[in-house]
Amino acid sequence: MKASDLLQAYTRGETNFRGRVLVGVDLAGADLIGADLTQVDLENANLTLAYLTRARLRQANLTRIRLGGANLNQADLSAAMLHDADLHGATLQGADLRSAKLTLADLLDANLIGADLRNADLGGANLTGACLRGANLRQENRKYSTNLRGAKLRQADLRGTNLSGADLAYVDLRQADLSEALLKDANLKGANLEGAQLSYANLAGVDLSNSNLNQANLTHCRLVRSDLSQVQLNDCRARGADFTDARLNQAQINRCDLLESRFSRADLSRASFCGSILVKAMLVEAYLGRANLTGADLTEAVLERAEISSTILVDTTLTRAILPDGSVHR
Amino acid sequence: MDYRVSSLSEGQRLLAAIMVTDAVGFSTAMSVNEELTLRLIDQDLTLIAKIGHEFGGTVLKSTGDGLLMYFLSAVDAVACGLEMQRQLVESAQGLAPERAFDHRIGIHLGDIVVSNQDVMGNGVNITARLQTYAKPRGLCVSQTIFDVVKARLTLHATFLGPLHLKNIHEPVPAYQLALQAEPDAGPLSTGEPTYTRPMSVDALLGQAIRNLTTIDQSMRIKKLVFATYQQAWENDPAVLEQFDLHSLLLSLRERCPTLSDLEPQLQRVVQGLNRHDIYTEVAALIVRELQPWYGQSLCPTVEALQNDITVLTVRSLDERCRLVTQKLQQHDDFLRLRKLLYCLCYNTWENNATTLDQVDSCTLVQQVLQLAPQSQDLHYHLGRVTKRLNRPRQYTRLANELMAQFQLLYLDQPAGAQLSAPVSSDSQDSAPDHTVVTPLPIHSSLAAGEFTTLQSALATLSSKTSPTSTKGEAPTLCRDRASLFDLRVDILQYVNPLRAKILLHSCLHGPFGYTQQDWANLSRTTLDDLLRQIFDYCPSFADLDSKLTITAHCLGQGSESVPVASTIIRAMRAYY
Numbered sequence: 001m002k003a004s005d006l007l008q009a010y011t012r013g014e015t016n017f018r019g020r021v022l023v024g025v026d027l028a029g030a031d032l033i034g035a036d037l038t039q040v041d042l043e044n045a046n047l048t049l050a051y052l053t054r055a056r057l058r059q060a061n062l063t064r065i066r067l068g069g070a071n072l073n074q075a076d077l078s079a080a081m082l083h084d085a086d087l088h089g090a091t092l093q094g095a096d097l098r099s100a101k102l103t104l105a106d107l108l109d110a111n112l113i114g115a116d117l118r119n120a121d122l123g124g125a126n127l128t129g130a131c132l133r134g135a136n137l138r139q140e141n142r143k144y145s146t147n148l149r150g151a152k153l154r155q156a157d158l159r160g161t162n163l164s165g166a167d168l169a170y171v172d173l174r175q176a177d178l179s180e181a182l183l184k185d186a187n188l189k190g191a192n193l194e195g196a197q198l199s200y201a202n203l204a205g206v207d208l209s210n211s212n213l214n215q216a217n218l219t220h221c222r223l224v225r226s227d228l229s230q231v232q233l234n235d236c237r238a239r240g241a242d243f244t245d246a247r248l249n250q251a252q253i254n255r256c257d258l259l260e261s262r263f264s265r266a267d268l269s270r271a272s273f274c275g276s277i278l279v280k281a282m283l284v285e286a287y288l289g290r291a292n293l294t295g296a297d298l299t300e301a302v303l304e305r306a307e308i309s310s311t312i313l314v315d316t317t318l319t320r321a322i323l324p325d326g327s328v329h330r
Numbered sequence: 331m332d333y334r335v336s337s338l339s340e341g342q343r344l345l346a347a348i349m350v351t352d353a354v355g356f357s358t359a360m361s362v363n364e365e366l367t368l369r370l371i372d373q374d375l376t377l378i379a380k381i382g383h384e385f386g387g388t389v390l391k392s393t394g395d396g397l398l399m400y401f402l403s404a405v406d407a408v409a410c411g412l413e414m415q416r417q418l419v420e421s422a423q424g425l426a427p428e429r430a431f432d433h434r435i436g437i438h439l440g441d442i443v444v445s446n447q448d449v450m451g452n453g454v455n456i457t458a459r460l461q462t463y464a465k466p467r468g469l470c471v472s473q474t475i476f477d478v479v480k481a482r483l484t485l486h487a488t489f490l491g492p493l494h495l496k497n498i499h500e501p502v503p504a505y506q507l508a509l510q511a512e513p514d515a516g517p518l519s520t521g522e523p524t525y526t527r528p529m530s531v532d533a534l535l536g537q538a539i540r541n542l543t544t545i546d547q548s549m550r551i552k553k554l555v556f557a558t559y560q561q562a563w564e565n566d567p568a569v570l571e572q573f574d575l576h577s578l579l580l581s582l583r584e585r586c587p588t589l590s591d592l593e594p595q596l597q598r599v600v601q602g603l604n605r606h607d608i609y610t611e612v613a614a615l616i617v618r619e620l621q622p623w624y625g626q627s628l629c630p631t632v633e634a635l636q637n638d639i640t641v642l643t644v645r646s647l648d649e650r651c652r653l654v655t656q657k658l659q660q661h662d663d664f665l666r667l668r669k670l671l672y673c674l675c676y677n678t679w680e681n682n683a684t685t686l687d688q689v690d691s692c693t694l695v696q697q698v699l700q701l702a703p704q705s706q707d708l709h710y711h712l713g714r715v716t717k718r719l720n721r722p723r724q725y726t727r728l729a730n731e732l733m734a735q736f737q738l739l740y741l742d743q744p745a746g747a748q749l750s751a752p753v754s755s756d757s758q759d760s761a762p763d764h765t766v767v768t769p770l771p772i773h774s775s776l777a778a779g780e781f782t783t784l785q786s787a788l789a790t791l792s793s794k795t796s797p798t799s800t801k802g803e804a805p806t807l808c809r810d811r812a813s814l815f816d817l818r819v820d821i822l823q824y825v826n827p828l829r830a831k832i833l834l835h836s837c838l839h840g841p842f843g844y845t846q847q848d849w850a851n852l853s854r855t856t857l858d859d860l861l862r863q864i865f866d867y868c869p870s871f872a873d874l875d876s877k878l879t880i881t882a883h884c885l886g887q888g889s890e891s892v893p894v895a896s897t898i899i900r901a902m903r904a905y906y
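Just so you know, the protein sequences line up as chains A and B, in that order. The first sequence begins at 1 in this note's numbering and counts up one residue at a time. The second sequence begins at 331 in this note's numbering and counts up one residue at a time.
To be clear, the hints were calculated from the coordinates, so they are not data collected in a lab. In this text the structure is predicted, and so the values were computed from the model without any measurement. Using N, Cα and C, we set each Cβ at its ideal position, and we do this for glycine too. It is possible that part of the hints are untrue.
Which bits of chain A does chain B cover? Going by a derived footprint, with three or more residues having C-beta under 8 Å, they are [to be verified]:
hint, region
1, 81-90
2, 105-114
3, 159-169
4, 294-304
DEER-style ranges, computed between Cβ atoms [claimed, not checked]:
hint, chain 1, residue 1, chain 2, residue 2, range
5, A, Asn16, B, Gly886, 54 to 62 Å
6, A, Asn16, B, Gln863, 54 to 62 Å
7, B, Ala683, A, Gly24, 35 to 43 Å
8, B, Leu665, A, Glu140, 35 to 43 Å
9, B, Gln700, A, Glu140, 34 to 42 Å
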């Protein structure tokens with residue numbers, strides 16, 4: 001089928017184009033609002049700046065399709081094949097992308113507000129600057145999870161996004177906004193979160209081992225039970241952050257503002273807190289074996305039953321702190 | 331003697347000729363001989379009430395040393411006033427000065443409102459103020475009254491010019507009426523402003539204003555006076571136009587009763603300006619020109635004014651503030667109203683309900699009243715705030731409701747004009763985001779060399795702010811450019827991201843050619859990067875507005891750039 005035939009048929013009022021083969025057609029700027037393109041083959045086609053609002057593209061083959069700036073609001077793209085597709089600056093607000101294959105797709109600055117991306121495969125996709133506010137990326141069942149492995153999410157807007165159980169290993173999330181996002185049990189192993197916004201985010205039980213969180217904002221972030229071993233957490237703002245029961249062995253947490261943060265029962269062995277503010281922090285039963293607290297301020301911190309026998313406490317301020325034996329430091 | 335408001339029922343309005351009488355030197359006499367004074371005043375008021383009745387007047391209430399009456403005819407009211415003065419003078423003849431009172435009478439046409447057993451209304455207040463301009467044993471009537479009666483009565487009138495009455499917004503032209511012809515005045519001099527008082531306070535102020543407005547610095551003078559009074563710098567001539575220097579100076583003098591109070595206030599503003607050498611001169615000029623006016627006491631008779639304040643407003647200001655607060659608390663959208671009040675007081679937008687809870691609402695109302703002693707001021711400040719909110723329509727409605735409630739506190743003044751909502755704000759009103767205040771553009775559309783910015787005066791205002799919200803949503807006056815996520819959402823929601831990028835890219839690097847090279851360049855930069863480059867490229871909002879609009883027109887119709895540009899401009903405004 002040729003592009004001109006398709007457009008003529010559509011102008012006549014026809015909307016059913018199920019299963020048509022349209023490989024490599026040029027439909028740039030075309031208006032196909034609401035068209036039924038289920039299972040069509042549009043591989044290599046050019047639909048730059050096309051209007052595809054509410055179009056049905058379920059199970060369509062859209063490999064390497066050019067959809068830059070296309071309007072795909074509320075479109076059905078579930079189980080569509082979008083491998084290596086160009087979706088630069090496309091609008092996909094509220095689109096259904098469940099189980100869509102978006103590996104290596106270019107979603108630079110795309111609008112994915114409220115999009116449904118459950119079980120979608122975004123492995124290696126470029127989501128730099130994309131807006132995913134209110135999008136759903138949570139794990140559907142135990143077997144499958146939304147894959148974002150190695151995806152580029154620099155400057156992406158993920159505020160309040162549900163990413164529970166999603167695979168985000170080795171993603172680039174530098175300067176991304178993840179505040180209030182739900183990342184429960186997600187995999188963020190080796191992720192780069194430098195300068196990211198994580199205030200009020202829920203990262204309970206998350207694997208963040210070997211990740212980079214330098215200069216991130218972790219204010220009131222919930223990191224209960226998460227694995228932060230060998231994490232880079234330097235120069236962070238983390239007031240009121242909750243690290244209860246977290247693993248932080250060999251973590252670098254220097255020059256951080258950790259006022260009123262919680263580290264009870266956390267494993268802080270060989271962690272470094274040089275020059276960090278731990279005023280009023282809760283460190284009940286924390287394990288601080290060989291931890292380095294040089295120059296840290298622990299005024300009024302609670303260290304009840306904490307293990308600090310091998311801790312480096314050079315120039316550490318402990319004014320009115322409650323010590324392991326329950327006494328108050330003078 | 332008991333004069334109650336009995337002839338009118340609660341809430342009833344009546345257009346009538348209102349008369350207020352007042353005994354000269356009553357308070358002083360009371361302090362000397364209370365018993366005698368009370369007896370004398372009782373005598374006089376009985377006489378006044380009797381004559382009033384004869385002329386068809388109705389006594390509304392007694393003010394202690396005078397009466398508030400109304401007449402259904404202006405002619406009757408003036409004839410009655412003259413008869414009262416005649417009989418009072420007659421009865422005082424041959425008596426020692428301390429055994430008789432002189433009276434002043436003011437007459438004006440206006441609405442009377444009865445509320446809570448008290449008589450109120452702008453007309454009543456104007457009449458009370460006019461009365462203070464009457465000579466002892468004389469009458470002072472407004473032009474409205476005079477025009478009605480001049481053909482019917484033989485009068486010895488002197489035109490006083492438009493009088494700027496305390497707490498009355500518009501000047502009231504008035505006439506002085508005497509029983510006998512003034513020895514020096516002509517028979518009936520209408521129109522020509524022959525002031526009875528040689529160089530009255532008003533004349534001195536008038537002269538000062540004439541001097542201040544004729545110098546080439548006049549615009550700067552107005553800006554500085556305005557900034558000192560409103561605590562906000564305004565470069566927009568259209569806004570300044572709405573305020574006349576006369577009332578600004580009067581209000582400023584109310585706040586700074588002496589020159590030595592005023593000077594540091596001016597200085598403080600000047601210190602915060604970027605061109606403070608120029609404005610130091612301007613400030614000195616203002617002080618020099620105002621000196622003669624400040625040299626004279628403001629009120630015609632202090633005693634008279636004190637009297638009518640205590641008498642006319644039965645409810646104290648505090649009580650009225652509490653009443654207004656109660657009314658506001660019953661409002662469905664009290665939280666938003668409170669946010670507005672908070673913003674007026676602290677010059678910062680607060681979304682955090684807990685912070686708002688910490689501030690007593692009644693205190694807020696009182697603070698706002700201090701900031702905006704006149705309804706015109708409130709109108710200005712609310713307009714300033716609402717036009718920078720991302721939900722201007724909703725808040726304009728609330729601001730108008732707020733103004734309506736505050737009218738109770740501005741009883742002496744006419745109701746201010748309503749704020750009008752911007753037309754093109756529908757889409758933004760529905761944005762799911764928090765309400766955010768956007769600052770005024772630092773630079774206005776004036777020529778680049780001709781503006782002045784105010785920093786410290788505003789800074790001192792914002793220094794009073796309570797801790798900002800912990801969520802980091804930056805409820806500050808200027809949206810923080812450090813994080814552009816919200817800006818991006820504002821743009822994305824209404825505009826195709828690619829089209830937005832094409833427009834911004836074209837603005838920075840020339841029209842987009844849709845070539846492979848252009849696409850490759852576009853793919854290398856993010857919307858965030860482009861927005862930041864635009865901020866650098868357009869130092870002022872006016873710059874941004876014109877550059878993006880021109881670029882949009884260059885790109886032509888096919889690219890839908892014009893609506894894209896206007897959305898981006900609207901969204902970015904918040905960051906200037």
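For each hint given before, does the structure comply? Return the numbers of the non-compliant ones in rising order.
3, 4, 5, 6, 7 and 9
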